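S.K.: If you want the building blocks of each chain, they are given just below.
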Amino acid sequence: MSAQEYVFVVLGLVGTVAAFRLVTAKNVVHAALYLVVTLATVAGVYLLLAAEFLGWVQILIYVGAIVILFLFGLMLTKAPIGRDALDNQQRGISLLISLGVLAGLVFLIQNAFDWNDPKIRPPTGSTRLLGESLFRQYVLPFEAVSFVLLAALIGAIVLSRKDESP
Amino acid sequence: MIRLPLVLFFSAILFSAGIYGVLARRNAVLVLMSIELMLNAVNVNLIAFSQSLHDLTGQVFALFVIAVAAAEVGIGLAIVILIYRNRETINVDEVNLLKW
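Order-wise, the sequence lines are chains A and B.
Its first residue numbered 1, the first sequence is counted upward by one per residue in my numbering.
Its first residue numbered 1, the second sequence is counted upward by one per residue in my numbering.
Calculated from the structure, these hints are not laboratory results.
Be aware that one or more of the hints could be misleading.
[What the hints assert, rightly or not] Some chain A residues close to chain B (C-beta under 7 Å, calculated; not the full set): (1) Glu5; (2) Leu102; (3) Ala152.
[Claimed, not checked] Below 30 Å or equal to it, Euclidean Cα-Cα: the simulated DSSO-like pairs (lysine-lysine) are: (4) Lys99/B - Lys26/A; (5) Lys78/A - Lys99/B; (6) Lys78/A - Lys26/A; (7) Lys119/A - Lys99/B; (8) Lys162/A - Lys78/A.
Note that the structure is a prediction, hence the values are computed from the model and not measured.
Glycine included, every Cβ here is placed at the ideal spot set by N, Cα and C.
Work the whole structure out from these sequences, hints included.
M.R.: So, in structure tokens, the structure goes:
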């Protein structure tokens with residue numbers, strides 16, 4: 001195993017534990033903080049895979065913006081504490097389904113990829129190429145995404161505004 | 001240099017945890033958090049394959065997924081706050097106005 005793989009295994013274990021704590025936490029604010037840990041480990045995985053632009057975008061947008069949005073959402077709604085208040089009665093069957101999906105995915109990955117396959121040799125300095133690809137080949141989808149964000153912005157304002165009846 | 005299946009296993013674990021959260025949680029904000037977890041698992045896969053195949057399309061799509069996820073969280077939380085204002089609860093099993 002190479003040094004990068006050791007770092008990846010550590011990151012993966014931290015992310016796995018945080019993800020499990022996120023879906024089983026009894027306090028919603030703790031769940032949001034576990035979400036921060038999970039997203040940060042995912043950003044670390046991106047950096048480890050030499051996708052540095054995506055790594056910093058992940059930190060900025062997910063850890064910086066989306067988690068703050070979640071914390072505002074938790075603050076503006078009453079957040080009860082306790083397992084029965086946060087989980088429904090289908091814990092057992094959902095555990096069964098998710099373990100089934102995990103087993104299926106692991107089986108598929110095990111079948112599709114050989115353990116001795118060539119490892120990922122990430123190209124270095126992909127940010128420049130990513131920008132060129134984004135603004136040459138994918139400039140139309142890029143603009144479409146900006147319209148999606150604009151529509152979401154207007155929609156969120158319209159939805160959460162208090163109606164002032166005339 | 002990382003073996004590709006290792007990254008894929010990590011992504012599969014994140015995705016299954018997200019599925020469990022979506023199915024077992026009744027607080028709408030926690031359901032949205034679990035959806036974010038699943039979207040992140042997809043992004044990990046996209047970037048791992050992109051770096052393994054030396055094709056940048058995967059990273060461009062991961063960027064689009066992040067943008068759409070941000071829009072989804074904004075709209076989702078606006079809807080959650082609207083429901084809370086009207087019903088005093090955000091438990092998804094108590095909001096059953098459209099259920100038969």
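S.K.: Tell me if the straight-line CA distance from lysine 99/B to lysine 26/A falls inside 30 Å.
M.R.: At roughly 28 Å apart (the allowed maximum being 30 Å), lysine 26/A and lysine 99/B satisfy the hint.
S.K.: Verify the interface restraint on alanine 152/A: the C-beta must sit less than 7 Å from at least one C-beta of chain B.
M.R.: With a closest approach of 3 Å, the alanine 152/A hint holds.
S.K.: Does lysine 99/B lie within 30 Å of lysine 119/A when you go C-alpha to C-alpha?
M.R.: violated, 50 Å
S.K.: Should the interface hint for glutamate 5/A be scored as holding, given a Cβ-Cβ cut-off of 7 Å against chain B?
M.R.: Constraint on glutamate 5/A satisfied, holds at 5 Å.
S.K.: Below or equal to 30 Å on CA atoms is what counts here, so check lysine 162/A against lysine 78/A.
M.R.: The given pair, whose Cα atoms are some 18 Å apart, holds under the 30 Å limit.
S.K.: Under the criterion that the straight-line Cα-Cα distance not exceed 30 Å, is the pair lysine 78/A, lysine 26/A satisfied?
M.R.: Measuring from Cα to Cα gives roughly 14 Å; hence the hint holds.
S.K.: Go through the hint on leucine 102/A and say holds or violated, using the shortest Cβ distance to chain B against 7 Å.
M.R.: Where the cut-off is 7 Å and the nearest Cβ of chain B is about 4 Å from leucine 102/A, the hint holds.
S.K.: Quickly compare the C-alpha distance for lysine 78/A and lysine 99/B to 30 Å and report which way the hint goes.
M.R.: holds, 24 Å
The structure is inconsistent with hint 7 alone, although it conforms to all the rest.
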